[in-house]
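J.: Sequences and hints are given; from them, build the entire structure.
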Amino acid sequence: MYTEKVMEHFKNPRNMGEIEDPDVTSKVGNPACGDMMNIYLRVGEKNNEKYIEDIKFKTFGCASAIATSSVTTELAMGKTLDEAEEIEEEDIAEELGGLPKIKMHCSNLSANGLHEAIYQYKKKEGMEISEDLERKHKIAQKTLEKTEEMRQEHGLNED
Amino acid sequence: MYTEKVMEHFKNPRNMGEIEDPDVTSKVGNPACGDMMNIYLRVGEKNNEKYIEDIKFKTFGCASAIATSSVTTELAMGKTLDEAEEIEEEDIAEELGGLPKIKMHCSNLSANGLHEAIYQYKKKEGMEISEDLERKHKIAQKTLEKTEEMRQEHGLNED
Amino acid sequence: MKILDVDRIYADNNATTPVDPKVKMEMLPYLEDRFGNPNSLHTTGREARKAVEEARQKVAEMLNCKAKEIIFTSSATESNNHAIKGTAFARKNEGKHIITSKIEHKCVLEACGWLEEQGFEITYLDVDKEGYLSVEDIEEELREDTVLVSIMMANNEVGTIQPINKLARIVHEKSNAYFHTDMAQCPGKMDVDVENLGVDMATINAHKMYGPKGIGALYKGQDVEIDPLLHGGGQEEGERSGTENVPYIVGFGKACELAQKNQEKDRLEKMHQKFVEDVCARIEKVVINGPLSPRLPGNTNMSFIGVEGEALVLRLDNHGIDVATGSACSSDELKASHVLEALDKGPEVAHSSLRISFGRFNTMDDVDAVVEALEKEVDDLRSITAMDEKGKIGD
Amino acid sequence: MKILDVDRIYADNNATTPVDPKVKMEMLPYLEDRFGNPNSLHTTGREARKAVEEARQKVAEMLNCKAKEIIFTSSATESNNHAIKGTAFARKNEGKHIITSKIEHKCVLEACGWLEEQGFEITYLDVDKEGYLSVEDIEEELREDTVLVSIMMANNEVGTIQPINKLARIVHEKSNAYFHTDMAQCPGKMDVDVENLGVDMATINAHKMYGPKGIGALYKGQDVEIDPLLHGGGQEEGERSGTENVPYIVGFGKACELAQKNQEKDRLEKMHQKFVEDVCARIEKVVINGPLSPRLPGNTNMSFIGVEGEALVLRLDNHGIDVATGSACSSDELKASHVLEALDKGPEVAHSSLRISFGRFNTMDDVDAVVEALEKEVDDLRSITAMDEKGKIGD
Ligand SMILES: Cc1ncc(COP(=O)(O)O)c(C=O)c1O
Ligand SMILES: Cc1ncc(COP(=O)(O)O)c(C=O)c1O
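Chains as they are written, first to last, in our numbering: chain A, 1 to 159; chain B, 1 to 159; chain C, 1 to 395; chain D, 1 to 395.
Don't read these hints as lab results, they were simulated from the structure.
Here a beta-carbon is modelled for each residue, glycine too, at the ideal position from N, C-alpha and C.
A couple of the hints might just be wrong.
Calculated pairs, DSS-like style, for lysine-lysine (alpha carbon to alpha carbon, straight line, at most 27 angstroms) [stated by the list, open to error]:
1) C:Lys106 with C:Lys274
2) D:Lys68 with B:Lys101
3) A:Lys5 with D:Lys376
4) C:Lys50 with A:Lys5
5) C:Lys261 with B:Lys5
6) D:Lys106 with C:Lys92
7) C:Lys68 with A:Lys101
8) C:Lys92 with C:Lys102
9) B:Lys136 with B:Lys123
10) D:Lys166 with D:Lys129
11) A:Lys123 with A:Lys101
12) B:Lys11 with D:Lys376
13) B:Lys101 with D:Lys50
14) C:Lys96 with B:Lys101
15) C:Lys66 with C:Lys129
16) C:Lys96 with D:Lys96
17) C:Lys92 with D:Lys92
18) B:Lys101 with D:Lys66
19) A:Lys142 with A:Lys101
With beta-carbon atoms standing in for the labels, derived distance ranges [stated by the list, open to error]:
20) C:Glu54 with A:Glu134: 44 to 50 angstroms
21) D:Glu53 with C:Gln118: 51 to 57 angstroms
22) C:Lys22 with D:Asp128: 52 to 58 angstroms
23) D:Asp368 with C:Glu264: 18 to 24 angstroms
24) D:Asp145 with A:Lys11: 43 to 49 angstroms
25) C:Lys22 with D:Arg143: 41 to 47 angstroms
26) B:Asp132 with C:Arg143: 52 to 58 angstroms
27) A:Lys11 with D:Glu53: 50 to 56 angstroms
Partial pick of chain B residues on the chain C-facing surface, computed with a CB cut under 8 angstroms [stated by the list, open to error]:
28) Phe10
29) Pro13
30) Met36
31) Lys46
T.: And the structure:
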């Protein structure tokens, strides 16, 4: 069901873990869907442009979620923020040689995580935020809200 | 599905064929059920009693019909008419070591054929006919009537 | 039959066929170490999934359709029940009328009968003396609320072949009904290209084509929507739940591949022709049931007047020859076969009928041997029959 | 697993089991020269009939019922659909209410869901955090128009065992409803004596007990009357039509014989116990799903907090170990398993769950190997998880 490239990234995920003292961290996803993701960014400057100097991730999710996280960080690494903003779900799936239909949301999630990290950074730095990025931020927020609802309903440590 | 005894009688039926110049012939059965039978009787007298000196049959029917015809003639052979009148469906089935439930009607048919022949003989000779034998005769007549109806409806040689 | 280790002559291939040894070989690994559940994520499961999908592809190739249009079932009975009840329940708000024929397999007729109890209305079309239904009849019976027409391609008892392509076209022109055909008897012997046929659904099974008993398929065009018959875990894209019968599916795939390669129409038709000629030359008062030709290749159905079918089957059995009776004498009711009844040739013909069906593993020698044994046993049974040549009783 | 020619460790016996080589050997002749259709009159057919009836006898012996109370089907899915829909349609004039539980197999739930569309009313009973339903709940929900209660004996995901005998007794005391139980997971591991259990109907299948995939049975007490699901030629006394799957029926019979001889409860329970102890000693933050004991012998279901189930299954797959995830992440909806959801332990637990199920061919060495691999991979996946030990996201 998974391409070899997916399995390869799943077995040996790139850029996994945390950045110590990152410039910014994003959190997306919700446990009801079984996928959650953190993106850690360090942003540098080159030729007067902000670019992604380092990026790492942590993911709770299926093989596909881990593989898309991995390939997303690989795609983003070294790109300017504006370039990285344009990495979309389809690019990630394509890079992996395709994903099963029901797993497409995983690549959406990791695009989400990347965009949210860029949003957070731009906001923190008072940079201009495009309408599109604003929209993407709203989506990312939505997934998180759901998480809080869920936690209140159940509470993990009861059992 | 058939006992060995049934198969044995089916393979080597006893008393099959016609008696030349029989004292009486009975016809029972109807083609809609797939079973028809003729019984031929020659009646003798011993110690002032009428008995079955010879009996033969012809049957159109399944293995079970042929086997029950065969065993019925065997059971009847040599018996007095009154004794033979008392041979019932169950006796025939028992003699064969049992029959599949849906084939029980075959042993009924051959009992029918035997009783009908006895009826015809007694009538012809002006002998007394018991109520029971009268009843059995009516049943035998019924099966035949159905045959005539059927023939009129279809007509075999059309095709 | 020497390809199989039996010394009998099996001439009942319309009832079931031997499993082709090539089919068996293909199945075996899946009864051994490749035992995985195709729904499992792990390697053992994924191997099984791959095997299932490859087999699906082979079935689709034989029928000239897309792989995803094949639903694996447990039998032709299930495929037919699924197509008929599935349509009835899915379209019940559009209409509750179904058209079929009087000579369909019992599984079509009984499924329809049950639907009648549930408030559906069924039209059972008549056939003529050779088993053909009339195109005009179908046209006349089509109604606004007709949601399904189900007509078999080749009859399993008397071999009559209906013009499915023409019927499907008319049904589609004049109504919104789905057209389903039961073609369980046809693969390897007739054209089963569903695109050519123009049908919406089609039923096949493996054990009439040298595969195992207990696996069937329903072709269902991708735009055709019907209710499932087996609800559950969502296998077969949710159309038919239940853990897949991997070994048999693999075997079915192989059987389809073989059927495509070995179209046996000509060979079987030659056997039928020789058989009929020889029988008619040597035995009197024989009635052929169904058309003489064309008919389902390999199938012969004839009545030996005055000789009851079951008796003849069992006499031939003693010669080591396996054939079938056309009459359903061993079923619960002591009636002649509903097919022979629908052909309306009278009970005497119906009860005297014998079905001989040659197949892949029969030879011309088998034909000779069956004729030989038939002559002897028909003679013998006629000498004790209570029916004369006119079907009259006795004397 | 050395009895089979595989070098993987298969610990997913609740999904499907390998076919016992003894079962395979018994089946083979029926894929070869004993290919007859049991409905045929001739010798080849009668041989097949005999094999079917002998197998039926063996299944009946395992369940302690009469042979004629066994209906062969194509799967547990079919048996469950048959019992549920068959009852619903047969008794629709008496009532249209059915009671079942939220943790039944999908084939029970989906069959019930479809019946809801047809105007029937279904009560889905809740379960507690260990998967037990409450006897009082059933009593309360029983109504005048309740025609069926269907409760599974042992849950296939979390192993919870319901007190079927007690439930059946109460249902029979307080209502006219039939009591059906899905015991697909139980033969060879638990008491499946239907007389002891006091049920009207019971579902089993072969591929959970070292038989082939694609054959099941429904026990139906002789006084229980339900509609057929597959209508047709009248096989199985008219209860389930379709040419019998002779090879698999024979294999199923053998599998039942073996299951009766080798009650594996104790051995499997020991494996489970060692497995749980070792895992808990070596891995932190493990939640056991379902009761600790008693539970379905051989079944373990645990959540490794912070580690998603599918990821863990695939990591173990690389070690040559086959296990299952409890979450239905590969199904159409991206939801956790309905069973874990019914246990209401929160989505973090549900999505982290793993099902390990040992069986006849596993050894204690397998247990060690699985624990070893688990420790390594849980550690590794936790190092990249976005969920902390409390199930909170990140940091
Ligand atoms: C035309 C036709 N349809 C359906 C069937 C039913 O097949 P099965 O018994 O395998 O379900 C048969 C075979 O008996 C058949 O010949
Ligand atoms: C408890 C239970 N019921 C029913 C089934 C369905 O079995 P099958 O897929 O063989 O129809 C299973 C197995 O998946 C099961 O574990």
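J.: Run every hint past the structure and note whether it holds.
T.: Do the hints match the structure? See the list:
1. Between Lys106 of chain C and Lys274 of chain C, the direct Cα distance comes to roughly 31 angstroms. Violation of the 27 angstroms bound is thereby established for this hinted pair.
2. For the suggested pair Lys68 of chain D and Lys101 of chain B, the alpha carbons sit about 15 angstroms apart, so the restraint of at most 27 angstroms is met.
3. Simply put, Lys5 of chain A and Lys376 of chain D have alpha-carbon atoms about 23 angstroms apart, close enough for the 27 angstroms limit, and the pair holds.
4. Simply put, Lys50 of chain C and Lys5 of chain A have alpha-carbon atoms about 19 angstroms apart, close enough for the 27 angstroms limit, and the pair holds.
5. Among the hinted pairs, Lys261 of chain C with Lys5 of chain B is inconsistent with the structure: their alpha-carbon atoms are about 48 angstroms apart, more than 27 angstroms.
6. Our distance criterion of 27 angstroms between C-alpha atoms is met by Lys106 of chain D and Lys92 of chain C, whose separation comes to about 25 angstroms.
7. Straight-line distance between C-alpha atoms of Lys68 of chain C and Lys101 of chain A comes to about 15 angstroms, which keeps the hinted pair within the 27 angstroms bound.
8. For the proposed pair Lys92 of chain C and Lys102 of chain C, the alpha carbon gap of about 23 angstroms is at most 27 angstroms, so the pair holds.
9. Distance hint between Lys136 of chain B and Lys123 of chain B is fulfilled; the C-alpha atoms sit about 13 angstroms from each other, no more than 27 angstroms.
10. Restraint check for Lys166 of chain D and Lys129 of chain D: satisfied, since their Cα atoms lie roughly 21 angstroms apart, inside the 27 angstroms limit.
11. At most 27 angstroms may separate the alpha-carbon atoms for a hinted pair to count; Lys123 of chain A and Lys101 of chain A exceed this at roughly 34 angstroms.
12. Simply put, Lys11 of chain B and Lys376 of chain D have alpha-carbon atoms about 75 angstroms apart, too far for the 27 angstroms limit, and the pair is violated.
13. The straight-line distance between the Cα atoms of Lys101 of chain B and Lys50 of chain D is roughly 18 angstroms, inside the 27 angstroms bound, and the hint therefore holds.
14. Under the criterion of a C-alpha separation no larger than 27 angstroms, the hint pairing Lys96 of chain C with Lys101 of chain B is inconsistent with the structure, at around 39 angstroms.
15. Taking the CA atoms of Lys66 of chain C and Lys129 of chain C, the gap is near 38 angstroms; set against the 27 angstroms cutoff, the hint is violated.
16. For the proposed pair Lys96 of chain C and Lys96 of chain D, the alpha carbon gap of about 22 angstroms is at most 27 angstroms, so the pair holds.
17. For the suggested pair Lys92 of chain C and Lys92 of chain D, the alpha carbons sit about 18 angstroms apart, so the restraint of at most 27 angstroms is met.
18. Simply put, Lys101 of chain B and Lys66 of chain D have alpha-carbon atoms about 19 angstroms apart, close enough for the 27 angstroms limit, and the pair holds.
19. Taken as a hint, the Lys142 of chain A and Lys101 of chain A pair is honoured in the structure, with Cα atoms around 22 angstroms apart against an allowance of 27 angstroms.
20. Remark: the range hint 44 to 50 angstroms for Glu54 of chain C to Glu134 of chain A is upheld by a beta-carbon distance near 49 angstroms.
21. Range check, Glu53 of chain D to Gln118 of chain C: about 33 angstroms between beta-carbon atoms, so the 51 to 57 angstroms window is missed.
22. Evaluation of the 52 to 58 angstroms hint for Lys22 of chain C and Asp128 of chain D yields a pass: the beta carbon distance comes to about 54 angstroms.
23. Taking the beta carbon of each, Asp368 of chain D and Glu264 of chain C are about 56 angstroms apart, not inside 18 to 24 angstroms as hinted.
24. As the Cβ distance of Asp145 of chain D to Lys11 of chain A is approximately 56 angstroms, the hint placing it in 43 to 49 angstroms is violated.
25. Restraint check, Lys22 of chain C to Arg143 of chain D: a C-beta distance of roughly 57 angstroms breaks the suggested window 41 to 47 angstroms.
26. Our hint of 52 to 58 angstroms for Asp132 of chain B and Arg143 of chain C holds, since their Cβ atoms are close to 56 angstroms apart.
27. Between Lys11 of chain A and Glu53 of chain D the C-beta distance comes to about 53 angstroms, which sits within the given range of 50 to 56 angstroms.
28. Interface restraint check: Phe10 of chain B against chain C, minimum CB-CB distance 7 angstroms, threshold 8 angstroms, status holds.
29. With its C-beta approaching chain C no nearer than about 6 angstroms, Pro13 of chain B sits inside the 8 angstroms limit, and its interface hint holds.
30. A hinted interface residue such as Met36 of chain B counts as satisfied when its beta carbon comes closer than 8 angstroms to some beta carbon of chain C; here the least separation is about 4 angstroms, so the hint holds.
31. With a least beta-carbon distance of about 29 angstroms to chain C, the hint placing Lys46 of chain B at the interface is violated under the 8 angstroms criterion.
Comparing the model with each earlier hint shows violations of hints 1, 5, 11, 12, 14, 15, 21, 23, 24, 25 and 31; every other hint is respected.
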